[in-house]
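One-letter residues, chain by chain:
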Amino acid sequence: MSIPTTSTGVSSSNDGDQQEPFLVVDGLTVRFPTHDGLVQAVTDLSYSVRRGETLGIVGESGSGKSVSSMAVLGLHNPRQTRLNGSITVGGVEVVGASQHTLRSIRGNDVAMIFQDPLTALHPFYSIGSQIAEAYRVHHDVSKKQARERAIEMLARVGIPQPSRRVDDYPHQFSGGMRQRAMIAMALVNDPKLLIADEPTTALDVTVQAQILDLLQDLQREYNSAIVMITHDLGVIAEIADEVLVMYGGRAVEKGSTSEVLTHPEMPYTWGLLSSVPDVTADTTTRLLPIPGTPPSLLSPPPGCAFEPRCIHATAVPGDLCATTLPLLAPGRSAHHLKRCHLPDPDAIYEQFVIPEVAPEAGETR
Amino acid sequence: MLGYIVRRLVSAALVVVLTSMFLFLLFFKGPSDPARPLCDLNGKCTPEKLAILTEDLGLNDSVVHQYGIWAKGLVSDREIKFGATFTCEAPCLGISYRTRGEVRKELVEKLPATLSIAVGGATIYLVTGVLLGTIAARKRGTNMDRGLVAVSVFISAIPYYVVALLLWIFFSLQWKWFEDTSYHPLTEDPLAWAWALVLPWFAIGLTSSTAYARYSRGQMIEALGEDFVRTATAKGVSERAVVIRHALRAAIVPIITIFGLDFAFLLSGTVFTEQIFQIDGIGRWAIQSLRSPVDFPVVAATVLFAAIIVVVANLIVDILYSVIDPRVRLS
Chain W
0 MSIPTTSTGV SSSNDGDQQE PFLVVDGLTV RFPTHDGLVQ AVTDLSYSVR RGETLGIVGE
60 SGSGKSVSSM AVLGLHNPRQ TRLNGSITVG GVEVVGASQH TLRSIRGNDV AMIFQDPLTA
120 LHPFYSIGSQ IAEAYRVHHD VSKKQARERA IEMLARVGIP QPSRRVDDYP HQFSGGMRQR
180 AMIAMALVND PKLLIADEPT TALDVTVQAQ ILDLLQDLQR EYNSAIVMIT HDLGVIAEIA
240 DEVLVMYGGR AVEKGSTSEV LTHPEMPYTW GLLSSVPDVT ADTTTRLLPI PGTPPSLLSP
300 PPGCAFEPRC IHATAVPGDL CATTLPLLAP GRSAHHLKRC HLPDPDAIYE QFVIPEVAPE
360 AGETR
Chain B
0 MLGYIVRRLV SAALVVVLTS MFLFLLFFKG PSDPARPLCD LNGKCTPEKL AILTEDLGLN
60 DSVVHQYGIW AKGLVSDREI KFGATFTCEA PCLGISYRTR GEVRKELVEK LPATLSIAVG
120 GATIYLVTGV LLGTIAARKR GTNMDRGLVA VSVFISAIPY YVVALLLWIF FSLQWKWFED
180 TSYHPLTEDP LAWAWALVLP WFAIGLTSST AYARYSRGQM IEALGEDFVR TATAKGVSER
240 AVVIRHALRA AIVPIITIFG LDFAFLLSGT VFTEQIFQID GIGRWAIQSL RSPVDFPVVA
300 ATVLFAAIIV VVANLIVDIL YSVIDPRVRL S
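Going down the list, the protein sequences come from chains W and B.
Every letter in the first sequence is one number past the one before it in numbering that gives the first Met the number 0, and letter 135, counting from 1, is 134.
Every letter in the second sequence is one number past the one before it in numbering that gives the first Met the number 0, and letter 95, counting from 1, is 94.
Chain W with its partners taken away, still in its complex shape (with noise of 0.2 Å):
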């Protein structure tokens, strides 16, 4: 392909309102009343993607990144969730909205690849008619019409004999053609904002790498939006602009991919990088995993989420971290946010980090 490799370089030399952020949440709560309380699965989080660009959301389960990007969707049972704050999509408000325009906003203008295809595809419909499906409902085409669509849309995302294999069953694709099947029928129609809730987790690595490189070359082609959810840090090495940091249904740090990924500032973000495993590091090196379990979303702690599991805390005067939220701050750049109260975190993370996550970088600093 001859189009620029940065899709940020196209969208600011030939389209002006591509300078307005295409997803905008804004102080989103998402809470779910239970019989043993309520559930604070995400409080007020905040972000915006423009065209063109990647988020990346990362954190463990439970840390509200899926069910953050859901209410994107509206795909919460209103009956059973308390939504507060804003969710803009290319200027239409979401929470609250009308089933009516969730409906011509969902695989629309936003479209979703869940993580394993195996279940996030109906078994009993084929390929073809669960893509056509998806067409129909926002386009008034016959049936043939769709179906031509969908074999259109199989060859671009690479399957093999895609007249042939559009009247296949989902059981009868390998997991990566199955993935490829989702892609395929997510982007059916041109969808502004594509959001991947782990979209490789469940693919073997040879795969996980040509879905990457599939979403990277579609996202050029049609210069959607993308949100990667993922728990993966090398996934959001290779794909994301921007990176967004969760712990305990907040935001904890953020910022440019590479800002992030090379001065992390939160702890952890910090434990995050150290519990990656090295290929290149010897058989006898232990990973490192974050001590503790994740905090209770039913009674979260009253200061810092992570301070119970947080082993720099003590760097911290007083009890500061167990008491006091710390607010998402600016760090190193006014564009590098950060939740935590340690005073000289990268101090910290070049004395204590460093030796541990790349102990020949620490060497030759």
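Calculated from the structure, these hints are not laboratory results.
Please note that the accuracy of each hint is not assured.
Stated by the list, open to error - Cβ pair distances, simulated, as ranges: (1) W/Leu287 to B/Pro253: 46 to 54 Å; (2) B/Ser237 to W/Gly174: 28 to 36 Å; (3) W/Ala321 to B/Asn142: 38 to 46 Å; (4) W/Phe31 to B/Asn142: 16 to 24 Å; (5) W/Gly36 to B/Glu238: 26 to 34 Å; (6) B/Glu238 to W/Leu37: 25 to 33 Å.
As the list claims (entries may be wrong) - Some chain B residues near chain W, calculated using beta-carbon distances under 10 Å: (7) Ser95; (8) Gly140; (9) Met143; (10) Phe227; (11) Arg229; (12) Gly235; (13) Ser237; (14) Ala240; (15) Arg248; (16) Asp279.
Glycine included, every Cβ here is placed at the ideal spot set by N, Cα and C.
Could you slot chain B onto chain W? The hints should help.
Leaving out everything else, chain B in the frame of chain W:
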């Protein structure tokens, strides 16, 4: 597919044959003398009379020999000596000890009534049950859901024969809305046919739909939580289509299994229904045949009929499976 069906039919035939063999063993090798109560039936039983009856019933021959005669009658005409001599055309199921009529002809006569009751009742309870279950699942946790479940539990706590009897007492005896509940052939007078069947259908529909409503509700709640249902919603599919095309399609598979067996059971004899509403069907016939003196040819015919219905229903359910779920390949 065809090979599968042929193989299944062979094994089904085997089940039916074994069932009939077992029945013969039970009747002829059981602890009582089948000729005795028959002999007592008409006046005083003299030793001579008993000897003739024993000979006529073939009790002097071995069970194997008798089974052979009976089985052979299924494919060729049979001469039966029972007091007088009767000619029984193939397929011959014997002569009723009580009515002296050909059992096959009686079966064919009584089948339409039972078939009408079963098909009508089953359609009602399947449709209303699945519909109510789907609504309850969709409205899970609301007062409507709780109300449906409560009513369903209440109705299923009442035995079926009480429901049927109450319906009959009030609607037929007391208010005379559906006074005549005996069977009218559909081909002769469709209106009279339907009118007479309203109460039996309603009785079966009311009691069984509650079980289906609760079962469908459970299946639908599970299906609505499936990832592929979320995918359909995320595509922008309307809620009605999500519920029907995506969730119900998945939930219906286990419901069909239960329904297949239920329906087979219903068809092999709607005993209470026929007894209470005085309908001359297979269930009533089967019960009467079991009263002393046991009308063995009728018992054998009803058991054979029930066995065939059950194995065929199972086969149909399995074929339906493969039609609904493409992952199921019949082989």
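(request) Tell me if B/Asp279 is really an interface residue toward chain W, meaning its C-beta lies closer than 10 Å to one of theirs. (result) Interface hint status for B/Asp279: violated (43 Å vs cutoff 10 Å).
(request) Kindly confirm whether 26 to 34 Å is satisfied by the beta carbon distance between W/Gly36 and B/Glu238. (result) Given about 29 Å between the Cβ atoms, the range holds.
(request) Grab the minimum C-beta distance from B/Gly140 to chain W and call the hint holds if it beats 10 Å, violated otherwise. (result) With a minimum Cβ separation of about 7 Å from chain W (threshold 10 Å), the hint on B/Gly140 holds.
(message) Using the nearest Cβ pair, does B/Gly235 come within less than 10 Å of chain W?
(response) Holds, because the Cβ-Cβ distance from B/Gly235 to chain W comes to roughly 4 Å (cut-off 10 Å).
(request) Take a look at whether the Cβ-Cβ distance between B/Glu238 and W/Leu37 falls inside 25 to 33 Å. (result) About 27 Å separates the Cβ atoms of B/Glu238 and W/Leu37, which means 25 to 33 Å holds.
(request) May I ask you to test the interface hint for B/Arg248 with respect to chain W, counting a Cβ-Cβ separation under 10 Å as satisfied? (result) At 6 Å from the nearest chain W Cβ, B/Arg248 passes the 10 Å test, so the hint holds.
(message) Restraint: B/Ser95 near chain W, CB-CB cut 10 Å. Satisfied or not?
(response) Check failed: Cβ of B/Ser95 comes no nearer than 49 Å to chain W, outside 10 Å.
(message) The hint says 28 to 36 Å between B/Ser237 and W/Gly174; measuring C-beta to C-beta, is that right?
(response) holds, 30 Å
(message) Does B/Ala240 hold up as a contact with chain W if the rule is Cβ-Cβ below 10 Å?
(response) Nearest chain W Cβ about 9 Å off; hint holds.
(request) Let me know if the C-beta of B/Phe227 comes in closer than 10 Å to any C-beta of chain W, holds or violated. (result) holds, 4 Å
(message) Taking 38 to 46 Å as the stated bounds, is the beta-carbon spacing between W/Ala321 and B/Asn142 within them?
(response) With a Cβ separation near 44 Å, W/Ala321 and B/Asn142 satisfy 38 to 46 Å, so the hint holds.
(request) Would you check whether B/Arg229 satisfies its interface hint, that is, whether its CB is within less than 10 Å of any CB in chain W? (result) holds, 6 Å
When the structure is compared with the earlier hints, violations turn up for hints 7, 9, 16 and for no others.
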